[in-house]
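Student: Chain by chain, the residues run as shown.
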Amino acid sequence: MNDVLDVALRLLVVFGVFMVLPLVIGQTEHKVMAHMQGRLGPMYAGGFHGWAQLVADGVKFAQKEDVVPANADRRIFQLAPAVALLPYLLVLVAIPIGPGEGAVGEVVDAGIFFVLAVMGVGVLGSLMAGWASANKFSLLGGLRTAAQLLAYELPMLLAAASVAMAAGTVSLPGIVDAFEWWWLPWQIVGALVFFVAGLAELQRPPFDMPVADSEIIFGAYTEYTGLRFALFLLAEYAGIVVLCGLTTVLFLGGWHGPFGAEGLGWVWTLLKTAVLAFIVIWLRVSYPRLREDQLQKLAWTTLVPLALAQIALTGIVKVVIQ
Amino acid sequence: MTLAATHGFLSPTGVEIAFLLVGIVTLGAAVVTVTTRQLVHAALWLVVALGGLAVEYLLLTAEFIAWVQVLIYVGSVVVLLLFGLMLTKAPIGRSPDADSGNRPAALAVAVAAAAALVWVVVDAFRATWIDLDGPAQGSTKVSGSILFRHWVLPFEALSVLLLAALVGAIVLSRKDREREDGN
Chain A
1 MNDVLDVALR LLVVFGVFMV LPLVIGQTEH KVMAHMQGRL GPMYAGGFHG
51 WAQLVADGVK FAQKEDVVPA NADRRIFQLA PAVALLPYLL VLVAIPIGPG
101 EGAVGEVVDA GIFFVLAVMG VGVLGSLMAG WASANKFSLL GGLRTAAQLL
151 AYELPMLLAA ASVAMAAGTV SLPGIVDAFE WWWLPWQIVG ALVFFVAGLA
201 ELQRPPFDMP VADSEIIFGA YTEYTGLRFA LFLLAEYAGI VVLCGLTTVL
251 FLGGWHGPFG AEGLGWVWTL LKTAVLAFIV IWLRVSYPRL REDQLQKLAW
301 TTLVPLALAQ IALTGIVKVV IQ
Chain B
1 MTLAATHGFL SPTGVEIAFL LVGIVTLGAA VVTVTTRQLV HAALWLVVAL
51 GGLAVEYLLL TAEFIAWVQV LIYVGSVVVL LLFGLMLTKA PIGRSPDADS
101 GNRPAALAVA VAAAAALVWV VVDAFRATWI DLDGPAQGST KVSGSILFRH
151 WVLPFEALSV LLLAALVGAI VLSRKDRERE DGN
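Residue numbers (the working numbering), protein chains in the order written: chain A, 1 to 322; chain B, 1 to 183.
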């Protein structure tokens, strides 16, 4: 009975994190973007600096009519948002935020593979949405999504493999346990490749070609309204949480910090994740969108060779220090 | 692994029942994949079939293999398939021209391949049972050490095969461009 309670409690906490953190990042994005552009952003909802703006947005989305286009493939069209969102919830279960068994939803033996595999499944949601909408812009968005995933999955995997080699394990808590401070300069190239490829997989600016609003309206999500559209948006922000959390765990040492490692480790994890999330928002404000060919070129001619070089370096150092 | 002497087929455990049920779902999804007239639905049913296979690996404690299955097949191969289907502007609803005259030949090949695979697997494992209570026998560590200790040669042969396919693909795509330039 205790075991069941334990599992239920863990899942509940993970679900809570899943519902709260993406909203926090969304609100931060409103505010940070506004201030970087010399505006104030939302100020009224909730009173203090518009903190309840996203809650109000959620209520608005829930009130809207749920429209399915007449020519759309009904079932796939309706299923797509769930396929896009659920994988991120599953990934969150495996990310450790502190040392020990208590600070991770579920210890997965091959955690790194679990995380990357399940994240890749989320893209199927966009593809289903793009095809099932029976809309040319949606189809174009779906095509671009697929092309982008195929290009960026490889460097992401290679960069993650480099850390797994360095740590000698594929379990996420194991990798953070093995972390030393000098891994930071050692794995810095891998970290950059991982983060950039992750941004591209989430279709965040400057890699938002699949949803480029000035060209193809909103890509695969063009025909969506109301709650289903909100679920896609939530998937994007949950994706940011997952990507930043993963980069923290894999490359930035997770709960390790200059002080307060005992008991306060989870603060370090959250802090590093928050800084990375800020960078994600910052990039959206400061970089123009990459063109489709530039996007592919960056992946195949820059990121893949860099990731391979990182793996070679990891291998050499690993052999030397043994 | 222990011999079947201590196990019977008539008193299945929960895991065995789950294995059987997931297997039936996987088989059903696979059959729908090849019989449905809607192209994109076929690709999505393939996701179900491949995902079911991953669950079967999990139930056999081969966790690493299961995640790799999801990563490679669901995450990449199916995405590539869908990409191809979208390029052909696969219509919503039935595709009247999606049927070819090769149906009997395809069926014969499929049955032969399935028979060969089932025969090989049954012959290799016969009545060995996986001990689920002990330490996981399919964990990443075990899989890795077995792969690189006992199966190094097949592993290397496979990588050479994949390399050959890669080089072949590049050669094929290059040839077309040269011909276009020549014209």
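One thing to keep in mind: the hints can contain errors.
DSSO-like cross-link-like pairs, simulated, lysine-lysine; straight-line CA separation at most 27 Å [said to hold, decoys possible]:
#, chain 1, residue 1, chain 2, residue 2
1, A, Lys31, A, Lys64
2, A, Lys136, A, Lys31
3, A, Lys297, B, Lys89
4, B, Lys141, A, Lys136
5, A, Lys318, B, Lys141
6, A, Lys60, A, Lys31
7, A, Lys136, A, Lys297
Calculated from the model, a selection of chain A residues having no Cβ within reach of chain B, i.e. all distances over 12 Å [unchecked claim]:
#, residue
8, Ile112
9, Leu149
10, Ile188
11, Gly253
12, Leu298
13, Val319
Please keep in mind that the hints were generated in silico from the structure rather than gathered at the bench.
Think of the CB as a built atom: it goes at the ideal place given N, C-alpha and C, for glycine as much as any other residue.
Student: Give me the numbers of the hints this structure contradicts, sorted from smallest to largest.
Tutor: 2, 4, 8 and 9
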